[in-house]
Amino acid sequence: MPEATKGITPSQTVGPFFAYGLTSNGKYDWNDAFTNNLVTPDTSGERIRIEGRVFDGDGAPLPDCMLEIWQADAQGRFSDPQDQRALPNSSFKGFGRCGTDANGGYVFDTIKPGMVPDPDGQPQAPHILLAIFARGMLLQNYTRIYFDGEAGNAADPVLALVPADRRATLIAERQPGNGNAVYRLDIRLQGDDETVFFDI
Amino acid sequence: MTLVYPIASNAAHPARLSPGYRSTLKRSPQKPLIIMRQTLSELTGPVYGHETVRENDHDLTTQHAGEPLGERIIVHGHVLDEDGRGVPNTLIELWQANACGRYIHVVDQHPAPLDPNFTGAGRAQTDSAGYYKFITVKPGAYPWGNHHNAWRPAHIHFSVFGHAFISRLVTQMYFPGDPLFEFDPIFNSVPDEKARMRMVSSFDMENTQPEWALCYRFNIVLRGRNATPRETK
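Residue numbers (numbering that gives the first Met the number 0), protein chains in the order written: chain A, 0 to 199; chain B, 0 to 232.
FYI, nobody ran anything at the bench for these hints, they're computed from the structure. Do not rely on the hints blindly, as some may be mistaken.
To be verified - In the DSS-like style, the derived pairs of lysine-lysine whose C-alpha atoms are separated by at most 27 Å in a straight line are: (1) A/5 <-> B/132; (2) B/193 <-> B/132; (3) B/137 <-> A/26.
Nothing here was measured: the structure is a model prediction, and the numbers come from that model.
Chain A on its own, in the form it takes in the complex:
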């Protein structure tokens, strides 16, 4: 075994060329470990699509960005043995990855997550964790995706930490239409309407 180590390994940028290794999506001779579709036929819960675009401080879209999401299943349980609550197991894995397209666009097909408690046992509104990686980012940014129209948003302990005039950057907007719900959330890395990022 190696000797004990003091301090973590620092982060470095994902760079401009990760796609063939991390998000090849059929464009390169390599298979993807993860996709942007988290839904399997045996997944229970409300099917939703989350889509949007990622922009830099000039308002230019990022065609070379990678987004990763992590979320609970419809019962609010994580697919991780560290979640030891007595809730039913689901086949839902809860992790997805998407490389942005030429217009900075991303899409995730997933389910609406259930309620997850905060450290005091108080309910958090349904939310999805989002990590953002790109060239020009030396370290991923963490944010959360909440959902338009959720009764729990008003009492959510994390949203409550965010200045009221910035909360909208975390709340995906329900799009009009029939069929599965589509929510839209754009990510702005910088600027007046900069997305709220968390120091965790």
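Add chain B to chain A, keeping to what the hints say.
Chain B only, in chain A's frame:
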């Protein structure tokens, strides 16, 4: 959940705004990050079985009909937590330029040849002790447009998961003694020299294979598990 990951560990990371690396100027936040308590959402993370890692995904020299050109190397080590405990069964993804410093990515058009026998992507899962091993070729240095005569030191990109969504790490492994270190704003974005040197692999003579390949050791230390107990009511 009664544990939290100390936020102080993040001091090892680069500042998001590192002006020497020009692309950070328009892609780093200008508003303060919001400090929050870690909840179950932050302290859990994806767990994968071996199904996502195929038998030869760790050997980048056997993915095509022929062998890639360049200096064959072994890169191995442990994924550890902050207490030096191995992180078992965690996924490592790796990508890199070929021996000439050229990526297969369509956007990389710098005048160096592609190698038809080298994709440059690999994947492995750590064993029960946190150990991993890749076989590849040593990547070349390559130019980039950040400033006049800018060259990246040879590096291999690593993507690692660990125990939680907030232990997720994307980094770059460098090679010992690279003369380009002092000129590279990405390497030097890490302010602390000791932290910087944790991104540099060490030459491993003991595990160098006679008549076959040099070996480098690269241990990856993730946040967590020296976590501080906290009253949660």
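Going down the list of hints, with the structure as the test:
1. A/5 <-> B/132: holds (22 Å)
2. B/193 <-> B/132: holds (24 Å)
3. B/137 <-> A/26: holds (25 Å)
Checked against the numbered hints given earlier, the structure satisfies every one of them.
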